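Student: Chain A is already provided as a structure; the job is to place chain B on it using the hints.
2 protein chains.
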Amino acid sequence: MLDQTIKVELSTTKKQKPNADQLQFGKIFTDHMFIMDYTEGKGWHDPRIVPYQPITLDPSSVVFHYGQTVFEGLKAYVTKEGKVQLFRPEKNMERLNQSNDRMVIPKIDEQFALKALKQLVSIDKDWIPTAEGTSLYIRPFIIATQPFLGVAPSSQYKFMIIMSPVGAYYKEGLNPVKILVENEYVRTVKGGTGTAKTGGNYAASLKAQEISSQKGYSQVLWLDGIEHKYVEEVGSMNIFFKIDGKVVTPELSGSILPGITRDSIIQLLKYWNIPVEERKISIEEIYEAYDKGLLEEAFGTGTAAVISPVGELLWKDRKIVLNNGETGPLSKKLYDTLTGIQYGTVEDPFGWIVTVE
Amino acid sequence: MLDQTIKVELSTTKKQKPNADQLQFGKIFTDHMFIMDYTEGKGWHDPRIVPYQPITLDPSSVVFHYGQTVFEGLKAYVTKEGKVQLFRPEKNMERLNQSNDRMVIPKIDEQFALKALKQLVSIDKDWIPTAEGTSLYIRPFIIATQPFLGVAPSSQYKFMIIMSPVGAYYKEGLNPVKILVENEYVRTVKGGTGTAKTGGNYAASLKAQEISSQKGYSQVLWLDGIEHKYVEEVGSMNIFFKIDGKVVTPELSGSILPGITRDSIIQLLKYWNIPVEERKISIEEIYEAYDKGLLEEAFGTGTAAVISPVGELLWKDRKIVLNNGETGPLSKKLYDTLTGIQYGTVEDPFGWIVTVE
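Protein sequences, first through last, are from chains A and B.
So for the first sequence, our numbering puts the first residue at 1; every next one is plus one.
So for the second sequence, our numbering puts the first residue at 1; every next one is plus one.
In isolation and in its complexed conformation, chain A is listed as follows (with noise of 0.2 Å):
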């Protein structure tokens, strides 16, 4: 399918763009977007740009009802010097397909699905911002569209991706933030669609969130599904402690997202020789080595905040406050050094740059 043509129907109005201190996640959209269609024994075909639109499907359409989707995130971003960036954007299309297999969608040609992108951002990479930490989200997703109530796999589908400018995360710097672990509901468990990008573990994870939220608490640790006792993940980001001098994250068990920015923290760690270890974390440790002085920092990582520093933990009635709530140097140096590979003021030593012409 690499060959295929991507037929092109540019908009004849264009939207205005959001002023840089406008622009809130998600909310506001590009001018053209991504689509094509999946039929049962014609396989993915008609791959289109056209002018971001609603789309219309019958009320009995899979999606409705037995939530078979799986979606991506990442990122553009324009240099100081004007030119175009992704970040291994090529792990997200590896990573839709591995969800795809997951939840019994039809597998889609990777390396088209990136050509498609690419495409789709270089004609609307004016809505790029260019204001200091503010980039492009896109967001690949495929949706079940068979008109259909059976308990089934879809026999259709649509693949699309579209375009959001979002601004910096955070306005005044990296701002650590307050964690409640969670001990009643759970995210998932092994055997389950944890490691999948589906929306069901999102839809999931808002009776905890909505709770924690009237707590004072912005993200929800979540612990495994059957003891309940070791970390998993935070919010919708991967988690890393840094204990006496050594960095910790869950390893990837069959119930954690295999996070991009998580394997590119792991990878940086290991570049600087700093020393990280994938393993099994209990939240007990995690309190030890705090009442022992020895938890220096915690972080969650994704692709919307990069680094997102943990200020304080609430676990059951025990509230810790992790390097007195600022920013850790790690947590810092993480940050500046990954945004810079992505903005292209920091040397890039991996190859994870692919820039769109």
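Hints listed in this document are in silico derivations from the structure and should not be mistaken for laboratory results.
Quick caveat, the model's predicted, so the values are computed rather than measured.
Any given hint might turn out to be false.
Copies of one chain are not kept apart here, so a pair can be met inside one copy or by any two copies together.
Using 27 Å as the maximum straight-line C-alpha spacing, the simulated DSSO-like pairs for lysine-lysine come out as follows [stated by the list, open to error]: (1) K27 - K42; (2) K229 - K280; (3) K118 - K91; (4) K333 - K107.
Tutor: Chain B alone, transformed into the frame defined by chain A:
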């Protein structure tokens, strides 16, 4: 909201109704549908019955990305005398609100929703097929429609009811099914969304279902997600076993859907003075009962099939055949009684039937 008028726009053209022998589950829909909208600050509003038609949504709508959905399923039946009957529809509306609570979706007015459902059924009553075992399947559902990529409860929703004429589930009488006991994939775990009727639970089930189909089994028997030891559900039905004269079914432990057919069967068994227990049931216990010659029957229960007898179980490498692969007398009696009440040929001592004028 109960007194609010439902605006009705009747279809100017009527679709052709399928013949009784062409009826398939959930593929053909009636002439009309019910729809009402929710907007934060305004609540549920604009209830209306309109011609069945596609819906148009922004590609960034929450339902496409984060699976914030709930649904219900029930049926309308025509009696020999031409009366239109519903089976415990108030329980569906009650459960819809329980699902809403778990998925952080604003609650509906249950009585108003039931009024809307009855009005819709009444308008499309000619669509209820009359051949034996046929009925009109009714699907109320709610989808999150806010155009926003943030992981947060949507500020906008649509509540809809669509309806599909369906054939007899068993064309040649009750037909026992072959079931594979699933050891790798899990449906859900306590603290997850297993008690809610939400899309993600069904999406999560597709992979195991696909593998079991390839092995020649029609459904999966889910074990608990913690120890892979206790029986939970079969496919998207609840499960019952008859062991040594006593009926047992898994207790509602926080990961099982509280089925309305399940509840009706428990009430019916008690009414008949047949011992019935809701408790933890290990898969070992089932196999031990079989070895002692005490496993008399097993059956799934749900709205679609009512009773689905289990003819064979495969757990790891061990296959057991139940009741010679035939429908057991209790399964048959329960099926005949429940469907008899639904179609008005058997007296309803429980007040389960609601008539549509």
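Student: Of the hints stated earlier, which fail here?
Tutor: 4
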